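**Q** Each chain, letter by letter, is given below.
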Amino acid sequence: EAGVAQSPRYKIIEKRQSVAFWCNPISGHATLYWYQQILGQGPKLLIQFQNNGVVDDSQLPKDRFSAERLKGVDSTLKIQPAKLEDSAVYLCASKTPQGSNTEAFFGQGTRLTVV
Amino acid sequence: AQSVSQHNHHVILSEAASLELGCNYSYGGTVNLFWYVQYPGQHLQLLLKYFSGDPLVKGIKGFEAEFIKSKFSFNLRKPSVQWSDTAEYFCAVNARNYGQNFVFGPGTRLSVLP
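Respectively, the protein sequence lines represent chains C and B. When we follow the working numbering, the leftmost residue of the first sequence carries the number 1, and every step to the right adds one. When we follow the working numbering, the leftmost residue of the second sequence carries the number 1001, and every step to the right adds one.
Quick caveat, the hints were computed from the structure, so don't treat them as lab data. Hints may be right or wrong, so weigh each one.
Listed below are the simulated DSSO-like cross-link pairs for lysine-lysine, each with C-alpha atoms no more than 30 Å apart in a straight line [stated by the list, open to error]: (1) B:Lys1058 x B:Lys1071; (2) C:Lys11 x C:Lys44; (3) C:Lys11 x C:Lys62; (4) C:Lys62 x C:Lys78; (5) B:Lys1049 x B:Lys1069; (6) C:Lys78 x B:Lys1071; (7) B:Lys1061 x C:Lys44; (8) C:Lys44 x C:Lys78; (9) B:Lys1061 x B:Lys1049; (10) B:Lys1071 x C:Lys44; (11) C:Lys44 x B:Lys1058; (12) B:Lys1071 x B:Lys1061; (13) C:Lys78 x C:Lys11; (14) B:Lys1049 x C:Lys44.
The following label-pair restraints were derived from C-beta to C-beta distances [as the list claims (entries may be wrong)]: (15) C:Gly53 x B:Ile1012: 44 to 50 Å; (16) B:Lys1058 x C:Lys62: 38 to 44 Å; (17) C:Arg111 x B:Gly1053: 34 to 40 Å; (18) B:Gln1082 x C:Arg16: 35 to 41 Å; (19) B:Ala1017 x C:Gly53: 45 to 51 Å; (20) B:Ala1016 x C:Lys15: 43 to 49 Å; (21) B:Ala1001 x C:Lys62: 15 to 21 Å; (22) B:Glu1066 x C:Gln17: 46 to 52 Å; (23) C:Thr113 x B:Gln1082: 40 to 46 Å.
The structure displayed is predicted, hence computed values, not measured ones. All residues carry an ideal CB built from backbone N, CA and C; glycine is no exception.
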């Protein structure tokens, strides 16, 4: 089966600019996650969707980050304005619905560098 | 809140050496446990998982892990590592009462010398 698709793979922006990342999960996966992975650390959850509803966005810096999953399939994550500390890899993952015992499948990630 | 700790930041081994990477988690309820691997330049891939049943689980590429509930541990083992095992290894916990997000440890970088 096709994996989780993310784009772009790399992005370099200046601080205070805006940036958007796109994710297409595995077909049929109702649960979608965005994680931030700073160099040398483990992935940290930013937001979790179940279909097009938000399950958990408690760790999303809402003053600058936003995410949506309008039709319950693709998702976009936006940062506006970006700060230097936002430099990280942004990972999208998906799994079958909440309550099921399955693993999450990860995309290749988008490496963001803020200069 | 859940948390995951991994005992070693960087492990260096020679080929054919045995490997054990430690993982401990904090959560009192029912958990699912995972080890993911990230090879250089690649995405996170699942090595193995534990949901219930036999606490000794086998994964891909000769890896295995043992869940010890009393110690809140899920250590990863491999009897003989290869150069191709050089990668970053992440332990993750998925606690059902917390909406099923995956909480990751900080990772252990494994370098295998040929």
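**Q** Each hint: holds or not?
**A** Here is what the structure says about each hint:
Distance hint between Lys1058 of chain B and Lys1071 of chain B is fulfilled; the C-alpha atoms sit about 20 Å from each other, no more than 30 Å. Straight-line distance between C-alpha atoms of Lys11 of chain C and Lys44 of chain C comes to about 20 Å, which keeps the hinted pair within the 30 Å bound. Distance restraint check for Lys11 of chain C and Lys62 of chain C: the Cα-Cα separation of roughly 21 Å lies within the 30 Å cut-off, and the hinted pair is therefore satisfied. Annotation: proposed proximity of Lys62 of chain C to Lys78 of chain C holds, straight-line Cα distance about 10 Å (limit 30 Å).
Distance hint between Lys1049 of chain B and Lys1069 of chain B is fulfilled; the C-alpha atoms sit about 15 Å from each other, no more than 30 Å. Between the alpha carbons of Lys78 of chain C and Lys1071 of chain B the distance comes to roughly 40 Å, so the proposed pair goes past 30 Å and is violated. Between Lys1061 of chain B and Lys44 of chain C the alpha-carbon distance is near 27 Å, which keeps this suggested pair within the 30 Å criterion. For the suggested pair Lys44 of chain C and Lys78 of chain C, the alpha carbons sit about 16 Å apart, so the restraint of at most 30 Å is met.
Proposed proximity of Lys1061 of chain B and Lys1049 of chain B is supported: the alpha carbons are some 14 Å apart, at most 30 Å. Pair hint Lys1071 of chain B plus Lys44 of chain C holds up; C-alpha atoms about 24 Å apart against a cutoff of 30 Å. The hinted pair formed by Lys44 of chain C and Lys1058 of chain B meets the criterion: a straight-line CA distance of about 26 Å does not exceed 30 Å. Proposed proximity of Lys1071 of chain B and Lys1061 of chain B is supported: the alpha carbons are some 26 Å apart, at most 30 Å.
With a CA separation close to 13 Å, the supplied pair Lys78 of chain C and Lys11 of chain C stays within the 30 Å bound. Taking the CA atoms of Lys1049 of chain B and Lys44 of chain C, the gap is about 19 Å. The hint holds against a cut of 30 Å. Checked against the given bound of 44 to 50 Å, the beta carbons of Gly53 of chain C and Ile1012 of chain B, roughly 45 Å apart, stay inside it. Between Lys1058 of chain B and Lys62 of chain C the CB atoms are about 42 Å apart, so this pair conforms to the stated range of 38 to 44 Å.
Checking the proposed 34 to 40 Å range against Arg111 of chain C and Gly1053 of chain B shows it holds: the Cβ atoms sit about 38 Å from each other. At about 46 Å, the CB distance of Gln1082 of chain B to Arg16 of chain C disagrees with the hint of 35 to 41 Å. The given range of 45 to 51 Å is respected by Ala1017 of chain B and Gly53 of chain C, whose C-beta atoms sit roughly 48 Å from each other. At roughly 48 Å, the beta-carbon separation of Ala1016 of chain B and Lys15 of chain C lies within the given 43 to 49 Å, and the hint holds.
About 19 Å separates the C-beta atoms of Ala1001 of chain B and Lys62 of chain C, a value consistent with the hinted range of 15 to 21 Å. Glu1066 of chain B and Gln17 of chain C have their C-beta atoms about 48 Å apart, which keeps the hinted 46 to 52 Å range intact. Between Thr113 of chain C and Gln1082 of chain B the C-beta distance comes to about 33 Å, which lies outside the given range of 40 to 46 Å.
Violation of the numbered hints given earlier is confined to hints 6, 18, 23; the remaining hints are satisfied by the structure.
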